Structure formats: structure tokens, C-alpha cells
Amino acid sequence: MSEEKREIAEGHTAEDLMASIRENIRACMQCGTCTGSCGSAFAMDLTPRQMWRMIQLGLVDEILASRTFSLCSSCYYCTLRCPRGLPLTETIHALKQLAVAKGLAEKKGARFYQTFLETVRRYGRVREMELMARYFLIMKSPVLPLRFTPLGMRLMMKGKVSPEMPKFFGSGKLDAIFRKVKELEARS
Amino acid sequence: MSDFEPTIIAFVCNWCTYTAADLAGTSRLTQPPNVRMIRMMCTGMVDPKYVIKALLEGADAVLISGCHPGDCHYINGNLKARRRVKLLKEILPRFGFDERRIKLTWIGASEGIDFANTMKELVNEVKELGPSKVRKQMVI
Amino acid sequence: MRKKIGSALVVGAGISGIRSALDLAELGYQVKLIDRAPNLGGTLAQLDYQFPTDHCGMCKMLPLVERDSASQFCLRKGLFHENIDIMLNTELVQMEGEPGKFEVTLRQRPAVVDPELCIGCGECSRVCPVEVADEFNAGLAKRKAVYLPVPHNIPNNYVVDLDSCTLCGECEKICPTGAIDFRWEARRQFRILVVDDELIVRDSLKDWLIEEGFDVETAESGPDALDKIAKQAYHLMLLDIKMPEMDGVEVLKRSKDMRPDLPVVMMTAYATVETAVEAMKIGALDYLMKPFDPDTLVPLVIKLYENLERAGEFTMEVGAVILAAGFDSFDPAGKGSNTYGYGEIPNVVTSIEFERIVSGTGPYHGKLVRPSDGKEIRKVAWLQCVGSRDMHADADYCSSVCCMFSVKEALLAKERSNGQVEATIFYMDMRTFGKDFQRYRDKAEKEYGVSFQRGRVHSVELKQLGGDPTIVYMDIDGTAHEEVFDLVVLAAGQRPPAGSDLLAEMTGVDLNQWGFCQLQPFSLSCTSRDGVYAAGSFSGLRDISESVIQASSASLQASRLIHSKGGGLAEASESEVAFRDVSREPPQVMVALCTCGDSLAQAAHLDEVEAFVSDLDYVSQVHRFESICTQEGWSQLEEAMEENGANRLLIGACMPYVYTRKLRDLGAKIGLNPALMEVVDIRTSVFPGNNFSQEQASREIRLALAMGVGKLKGMDPSLSAATPIVQKALVVGGGIAGMTSALGIAEHGFEVFLVEKAEELGGNLRRLYRTLEGNPPQELLEQTISKIQKHPKIHLYTNAKVLHSHGRVGCFITTIEKEDGSGETLEHGVTILATGGKEATTESYGYGQSESIVTQHQLEEQLHSGQINPAELGAVVMIQCVDSREEPRNYCSRICCSSALKNSLYLKEQNPEMNVYILYRDIMAYGFMETYYTQARQAGVIFIQYDVDKKPKVTVENGGVSTVVTDPILGREVMLEPDLLVLSTGVAADGQGQLAEIFGVETNQDGFFQEAEYKWRPVDFLQEGIFTCGMCHSPRNITESIAMAEATAQRALRILATMRVTAGSIVAEVRHVLCSLCEKCIEACPYGARWRDDDEGKIMVDELSCQGCGSCAAVCPNSASVLRGYRDQQIFSVIEGALEEIF
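Chains as they are written, first to last, in this note's numbering: chain Z, 11 to 198; chain X, 227 to 366; chain W, 212 to 1354.
If you are wondering where the hints come from, they were derived from the structure by calculation, not from laboratory data. One should not assume that every hint holds.
[Stated by the list, open to error] Sample of chain Z residues lacking proximity to chain W, with all beta carbon distances greater than 10 Å (derived): (1) V70; (2) L90; (3) Y123; (4) R131; (5) R135; (6) M139; (7) R164; (8) L165; (9) V191; (10) K192.
[Said to hold, decoys possible] Derived coverage of chain Z by chain W (criterion: at least 3 residues anywhere in the stretch with Cβ under 8 Å from a Cβ of chain W; other residues may be distant): (11) 37–51; (12) 75–84; (13) 143–157.
For clarity, every value in this text was computed on a predicted model and none was experimentally measured. The C-beta atom is built at its ideal place from N, Cα and C for all residues, glycine as well.
In isolation and in its complexed conformation, chain Z is listed as follows (with noise of 0.2 Å):
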């Protein structure tokens, strides 16, 4: 997997996107109710309010810096009690894809989205092993596969996940699916 930086399609520019974010999230008034639905908000930094406020404010980098967005389930709980009817979940997921195209696929949630998606390219489905395989290889840490070892093993007992070797060379069978996404996203 290498560390490209994606190519942005035209007309769709960072600050074209960021402009739609700011869009949506104006209306916001700060009443707390994403926040608290939020499931994943213990494990964020900012919360969803906050960075909802960030946006309105401007402080789009501090956002992009922070770990909030890449952490959203998509359980869409905040989009569905928004007073406002604010389209919280569509926004996270734009902030997700502003952030990569700023080249901010450097971070670690990103990585194991891409890695999922690239195993996902090649074989038409998960397959365990080398998903792992080659995501420990993308971080580079080698303390990493030791800490997930017990949940493997555990797993491999029960027998959800199966043995296979990883191969490096797929079939690639939905090669032609990726590239015309690719090609919807450069037309919207």
C-alpha cells in the first residue's frame, strides 16, 4: 500500500468541500444532542458538539488534527435527534474525505479503513488474516501484533478465523466496481 496522495478530481476541490461542511453544520445551535447520543464519544478528543462549533469558527485544521471524525460509527443517532435536522453524519463523512484529500491519510483510523478496503479490492471480502497481515505492516509498529495475539488466538480456537497465508498477489475482481466510484466521486 503505498502512501499516495490521492488524486483530487476536478472541480471538487478542498475548499470547495469545506465550504459544503460549513454548509450544513451552520444552523447548529450548540444544544448538546449529538454529543450525548453519541456512542463513540468517550473515545473522542473533541466532542461532536465542539467540533461542530470549530466549524463554524473556522478551525478546520484543529479538527482535521483531531482523532473525532475518523472515530464515527456512522450509527447515525446524532443525524436522526438533531433538532435542527442537521445532516451530522454526512458531514462526518465529508470531513473524513476531506481529510484524505488533504493528504491527512497519515493517521492511524485511516489506515486500517484503507488497508480493510484494499483487501475488500482484491478479493471481493475480508479475509481475516491478511487484513491483519497487512495492516501491521502499514504501522509499522511491531508491538502491534503482539498486543492483538490473544484476541487472534482466541479467535482461531473458536474457529472464526481461518489459518489461510496471506497472498501478496490478489485476483483483483473488483478492480472495475473501485474505478467507477472513483469516477462518481470526480463527477460529484
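Given the coordinates of chain Z, assemble chains X and W onto it according to the supplied hints.
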């Protein structure tokens, strides 16, 4: 005396307490028959003379009941009543009347239950106090 | 009571309906007041405690003058006014015609219980087997199918809820007066034809319906049916759709030809529902779905029968219609997500349910216990904005009242528990925008320890076994808290009432996007249809005080319309009844005993009672009547009175209040003042259930009668004199409020003196150029000024001021100083103070140190004049609540937040690139203004909230302004360097103190006029005859000022409308011979109705101001001051009568 049934005169205000009394009636709350209600427009209208007259005529107790402070239809009549009753409670014992024979309560229009309970309690209290000595001891 | 030509219909008998109806009735119009519920009072019947006293006070809405024409008892019991005809269980079904001449059709649901016969003994309820949820107690308790809708109501007629009644007939059997009548006989006359090709359907239907007492025949096919209807008359046809040969629709068409009046109900299987709906268009009444089961079918048919046979429908002509249909509460378990677990998690209740819990008539008799297990409540959370300000609940508006009533409920909880209850209110903005609201909230927080948490709670969870709800909420800095409460109260918002769309269609009024009645610009009562006016919550989101004001505004409009179409208000129609003067006759009391059939004779020794009563002093005769409540019985009574010439009447019967109207009619008939008639209750003691022996019952009756006679024999026979009224009005202040008031009165034909201290009319309105809703204020100003100038009855004095005023209602004498310095003395009957307020000045935030710092109003003016050009501004900061909502000016000025929104939206519109920041404490965008708040945010205005102890800091350096404020969410300081700093300083009092001295009225601690009563008499002063409106009372916007001015005009008109006004038979008077001029009575009077006339050396009573409270009589050491109707002799006789038995 265990079979003594006190006679109590109650000056009730036309607005809140009378409504509570009616409510107690329509809610079928049993009320002791010892209480004779006299409807006044406002407790602020209860002249100390009336209380004294009632006691002198042999009433075992006098109850004055009106709207809660703040509710008075005539703004502050009930507050005037409070001051008068306080004075009466201070003065009347000097003439031989137990001050517990005069009572002031606030009962709101929805408080039918409170009304019935107040009456019952008062009857019980007065039963313990015994009958008024007016007829026996006083020369009027 | 005067009677004028003109009538009106008021739909809805809640608080607004009652206010409008009373207003119009006091003017002399005939009013029909209807409500579809079986009781009066609307939502307020369920609420016992209101701000600011945290008690009731509804009775203060009753008439203050001409009191004898109305009921003088607690309004929750019922309402009576000579000119009002109340019809309950009634709905408006059709309206046609034009303003001034509407033809309205009303339908009254059939009453199974005859109100004339029901004595409210409650036996029927005791034996009824059906239990359903009690709506009066918001579902927290149960009631029977035959029930008392509201416990206080008089007459306390029981009502049968036909929807849940199983028709077992037990109640009918046990009723002692035979008041319940399901009319079985009539059913046998009701012929039903069942048409269906299936035998089983025909037979089963026939069996079920015959069991119910109907006469049923069957037909097995279309032609058979048609044959039958041709031969005889039927009252109802149940018609199947799918039949061979001829299908149901065909039969329907033909039957409509043959017998157009025959009601037809289609019976359809699931597949043919659409055909059934089509059939309804051709004339079928309704449709029933197969498969049938008797439990659903039979009640349906019975309902149809009831509606067809017994519903009383009639049409009448009215001049104007007022819609006071009220509101419904948002149901948190309704459509949409029920994240609060309402109905699922125990101990989550709505605010109405909480009010029922604390009410004495509620399910727990006022004890603070919770519904699920009766445990005492110790920890309560209030969740605000449930169903309001929420896009997901379809409500981008603020219900306006919830913040205040939650604070009130928290205070009630604290009081009831002696401070033991822990109360927390979770809110987004605490909207305390009304008069004295802010102080009330502060009292709750600081004195009573109610905790206010800013942060919306999203859901309530059940994590504990005992049924204690848990709330998870976020602190402002992001820390999560989890707390367990005993009870969670959802402050549910307001919704339009059920059926409002039908009502709107019927009456031709438009509804706004949220379903509330749409109002015309600048009006709070005019709808889209002329002649139809809206009062109260029907047009949305208002509290009691605003509803009362608006209801009076609607009645002014109605009166104006009726008057303009030929109603007679200026002329008094001569219908004053002459009562004969019996003051020279010795009292002769006739005692009428209602024996209630035999029941009284069985329960007590009637002969003994009669003998006893005859013996009493001054009783001339005693008669027995079988049932005074019936027509027959009453006519017998009338005859007896006419024959014997008695001059006092004592009736012993049940339910004294029911006789108010009857006594007045009797008085008119025989020429005797109704004040000399009284009804005492002799029936309650002998109700079944009260186990009195005959001895005891007789004694009770004797006592009641003795007391009644005691009071009556000393009753003052003199007739009350009427006070002449100068039929002119003085309006002080020519702003929009003063002008509207003046026009309201002048358009009824009375002269008005309008005094304005400035050169031109308009007041603050002169300098307002746009409103938040986009309506044009300057146009309004021009139109109003032109109307004033053209009106022949308005005498305008500009550059004039009031020097001195004295007098009483009906005759005030005021001296003014005119333009040229000369004085003029004006005589008028009423005074209206509408002097307005001014924008407060400030020294905070560097005001005055730079040209870039302006007030909100200055901003508006400078934008209009061009002095400020939006295109040149890069950043603007507005600071709200400057010097407001903290001592010494601890009140909210209400209009600043909407002004800020208005100006910021305008600025953004003119220059979208501009950065606009609004620093606020709470945004008071109440009611339908909430949507502008959303718009402002969407437009990019940045709102930063600050706390009163962390105010923004402004520094002015070298002409540049910079502001530092802490953003509470991020916990960081934000520095803003605007080109323009706008301070919302609010509204301050402007000279009210001086005027108060001149006119003898009060001001409150903030310098605004002190009204008689915030909720029930918001435009009156305690001094009768003087009224106030507009900003001099409290800050309010243009539309609200106009409504208040209209209400004031209405109140003034009821005094001006006749040439002579009587107060009531119960008034104070002075026996000058005994008076020592100690003046104690003058102090004691709360209405300022007494004064010392130095010329005569006497204490005088202003009868029109006197309300008959008797304080003066109680305080007078010589008994020189007496209250007519309650003289000492009378009370003494009553006491003696009560204690007679002791001897």
C-alpha cells in the same frame, strides 16, 4: 364526654373554600354534620364581632377558611383575616376561651379532600377540648 | 343588564373563549358560547396553579361592574351571564353568509343524561362496569363510562361517554330522578333494513340489532331491498356492496332516488373499500368493514342512530364568529421517535400529567408521589423543548410557555416538599421574556435551589430495576453525566387542536404551515376571513396573559364589526326592568320547599320542618313543591309568589347555583329584586350514601332554612343606584398603542381625547423601518395616523402634556397643557395610559467612547438613513442583554433578540460576506420567531453564548473596538475586532412614575405600570376606569402592543357603552351618622374605592370601583361602614339560626 358532638361555625369565603366544600360534596367525601357553614364573600369580611358572637352563642369552635395568600379574589382580604385571627387568639384566652377554638385555614378551590380532612380534624380536636362553657358559666 | 342589537358566536369555551364571551356580553351583545367538550374551561380546567402567584385567580375575569348579571362564584364551577348562552357538547358544523350576517349551524351531541334532572348523586357512576382512562387527569386515573367530566362543574351533571359505554343499562335503573334515558322505546320505532346476499350476515346482524331494541328487517338482494323500501319507510339501511344481480352502489343510487332521506351505510369487505368511499360521494353516510363482530358493529350502529335521531342541530344568525379552539399538547409517543420512552419507561410523564399530580383534584390528591409505584418524589428532571424547536417533530417553532411552566412546576414541587425535592431543568434557552419572568426564574434558582442545566437531553433510559429513569447528558465542556431520577417531566410543546383543519375549512380561515390559525400582519386576532377572529392558542403558542389580551382584542374586532353593520352600541335599548320598591314594607319571607318527588319526605320529617320554619320570625308562608327543577314546579312557584305578594323568597332545594338565571327571570316577571331571593341546599344531607337518620336529616334541613331566613329577613331592600357615565375617553400617548386604542373606542361612536407629548404621532413606531416577518411598519404608521386625523370623534392634542387628573370612573376630570401653553380641562369616563417606553441608555461596553458602538435601535435608524452602509462593514458584533436581566434592571426586554435577528438577517442579505456575531445569554425567539433564529444561523451568523458572570469585555483603542468573549463549548477566548459593535440595551421606563402619581395608579420596581393582575386582568389597574397598554406596561413588539391596545379599548367600552352603570347589589355603603372619620376603611380598601370628601365631611364610596369584599365593614370600629347584603344584623341572625339547636 365521649358522646359530645361539637357544633362548629365555619365562616367560609365564597370563592375558594366554598368551591372546595362543594367539591367535597360532589366527590362524596363524608363530612361530619357538626359544621355549620356561613358563606361570606371574603374572609377579610369576617368581623371579630362575628367570631365573638358565635362563641357567645355557644359554638364550640369557630373556623375561618379562605383562599391561599395570593389567590384572594379581592387581592388581600385573606391577609387581613390572618391578622385579625392572630389578635383574636391573643385576646380571647383572657376571657376564658381556649385559643384552640378559633382556627384559620387556607383551602384552595381544588382541595376538596383538604376541606373534608380539615373538618374532621377540627371536630376531633374540639371533642378533646370539650364543650363550650359559655352556657354553663357565663352570665350574658 | 343592557341589551344591544347584535350577537356573536364563540367557538371554544376555554379561557380565551370565556374572556371573549364575557367581553361581548358585558357590552350587551348576545353571545353563544359553545364547546365540544362536556365541560367549560378547556386546558385550564386541568391546571390549578399559575404564575405569578403559583395559585389560581381565574375568578378575577368575572365582571367587575354590573356584577349581578353574572355568576359570582369560582369560575371552575361554571359560568353564568345573562347575555351568554352556553352550549356544551356542541360543535360548529356549517357556516355561511357574510361578515355581520353569518348563518351558523350548530350540532349538539345527544345527552343521555338529562341535565335538568340530574342531581349529581353519583349512583350511576358507582354501578357502571366500564372503566377507561380519565382525560381530565391526563390518563393517570380511571373513570367510568358515566362520569363527571370535571369535578368542580356546577351543575355537576354526569355524562355518558357513548364511545365506551356498553349499554348495560345499570345506571338507568339506579338513577333516583330518572335522568338517564337510553330511550329504548324510541329504538323500537327505529326500523333498520339489512341488505346482504349472505344468509349468515343477515341473520347475525338481525339478531344483534334486535337485541339492542331496534326493529330489523332483512332483504337478500338489491331488487328485494328496493322493493321493501318502496313499500314502507325505514330509518336506516345497511347495504352490502358485493351482491349478484344488482350491486350495492346501484341499489344506493336507486334508493337515493326513491327515498332521498333514507340514510344508507355500506357494508364492505376489505377488497371493496374504495368502492365504499366512492359510494360515500354518491350519498352513503359511512361504511362498515367486514368481517363484523358485535362488539364493534353494534356500538357503531347505535352511534349512527344517536346521531341521526337525537342530535339536535339548529341554525342561527350571528354578526361575528370568534374561534377560540385552543390547543393540544404534543404527544411524545406519537409519530416520530419516542426517544424519551414516554409510555414505555415508567415515571416519564408530560407536564400536564405533572400538573395533575400536584392538583388537589388529581389522582393522588396533591401528594407528590409518582404514578408507577406511589413512591414519594424526591428527584425530578424537567426536559425542555420536547416537540418544539425540533425538525424531527415537525416543529420549527417555540411553544413559548414551556420554560416558564417548568420553572413553576419546579417551584411547586419544592414548596410541596418543603424544599426536599431536588429539581433540575435541562434546557437550551431559558425563555423568560415576559414581565417579571426573569425574577421568577432567579428566585427559583437562587432562593429555592432549582438547578438549571444548559444542554438538551436526547433520551431517557431505564437502567435501574426499580423503575427509576436515567438521564445521560453532556455538560457544556463535554463531560458526560449520568443521573438517576425519580421522575422525568417532559415539557411537551403545543400543537393545533384536533379537528382544526376541518374547522378552518368550514370557516374559511387559512392555517399557517404548522396548522395554527394564520393571522393577518400586525394583528393577533384578524384571520384571513373577515368577520371571523381568532382568540387564544388557536393562532398559536401563547401563555394565559397573552391569551386573555388577545381574546379581548378579538372581541373588540367582533364588536367593531357588529357595530359597523348596524348593531346598536351607542344607544342603550330600554330594557331595564323596574323592580318594585319594597323598602317600606316589613320583610315577608315566603319559603318554598322542594320535596324532590317523595324522596325528601322519606328522608326527613317534613311536617316538623314546615312547622318549625313557619314559626320563624318574618316568615309569612311555607309552601311545598314537588320538583322545582321542572317547568311545572317552577311555574307553580311563580304563581305562588305572584299571589301572595311576599317581598323575600327562600327556596330550599338542591344545587343552589343552578337557579341564578331562573331567579333573575322570576324577578323580572314579578318585579322583585333578585337580591331578595336566595336558594339554600337542603338536599345534599339526604343523598343516598350519607347515612343520616331521619332526625339528623331534619335537623340539617331546619338549620339550613333557619340560616337562610336569618340572612334574608335583614336583606337590604333598597335598589342600587346607577352611576352616570361621561361617555368619553382620554388616551394619553399617541404611539401605535394609543392610536389603536383611540380608534377602537372612536369607531364605536364615542368621543376620544388623544394627548401626545411630541409634535407628531407615532412614538417609537416612527423610527422602525422593518420587522422580522417583513411587514412594513411605516405603512402601518401612515395608515393609522391618517385614520386618526380623519376620524370626527377623535380630538387630537399634540405637543401637549397632562398636568393633573382627579375623579372616579365614569367622571374623571383631567387638565392638560396644550401646545400654546394654555390649559384645557377634559371630562371623560375612562382613562387609557399608553405612553410607551424608550430604549435604555448604557455606559457599559464602552458606549459613547466610539462612533462604532451603537445601540440596536440606532443601528436600525442609521441603516435606514444610510449613515451605515452594509457593504462597507467587514464584521459586526452584537451584544445582547446589555444591563438587562441583572439587577437593577432584572427583566428581559423581549424585543432585543428579535431586533438583533432582524438586523443581522438584513445585514447578511445586503452583504453576505460580512461576518456577523451575536453574543447572547438566551435567545428569546419565542413563538413562530424561532424559524428566523434558524434562518439567521443558516445565513452564517455566529452565535456565541455567554454567562452573566462571564460577560464579554470590550476595549476601545484608537477608534478601534475589540471584543473578547469566552466560547463556552470550546472553553476558549474568542477575540473579535468588529467594524461595528451593536449593543442591545433593552427598553426602560419613560416617565411612568410621574403619570402614576397624577392618575393615582401604581408602578412596579422597574418603573413600568403595575397592572391589577398579570394573568387575568393584564390591562386593568386596580383603580377601575383606568387602563394601560403597550410598552409602558412592559416591553413588547408592534403586534403585541396593538393587541393590548385593542384589549384596552374593549375594557374601556364596557364602561362607556351605557349612560348609566350599576355595580352590583353587594356594595359597601356608609352610615354617616355613625362615622367618626377615622379613615381606617379608606386604607383597608384594595381598590381605592373610598375617599374622604372634605367639603361634605363624609366618607364617600365609589360604587363602581367597590367590589363588595367587605374589608371596610370588618375594619370599621363603629359599624358605620356596612356591606349591603351582609349587614351585621343579618350575620348575627344567621349565627343564631345555626346555633339554635343547642338550646
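Checked hints:
| no. | hint | verdict |
| --- | --- | --- |
| 1 | V70 | holds (14 Å) |
| 2 | L90 | violated (6 Å) |
| 3 | Y123 | holds (26 Å) |
| 4 | R131 | holds (37 Å) |
| 5 | R135 | holds (35 Å) |
| 6 | M139 | holds (37 Å) |
| 7 | R164 | holds (29 Å) |
| 8 | L165 | holds (31 Å) |
| 9 | V191 | holds (31 Å) |
| 10 | K192 | holds (32 Å) |
| 11 | 37–51 | holds (count 11) |
| 12 | 75–84 | violated (count 0) |
| 13 | 143–157 | violated (count 0) |
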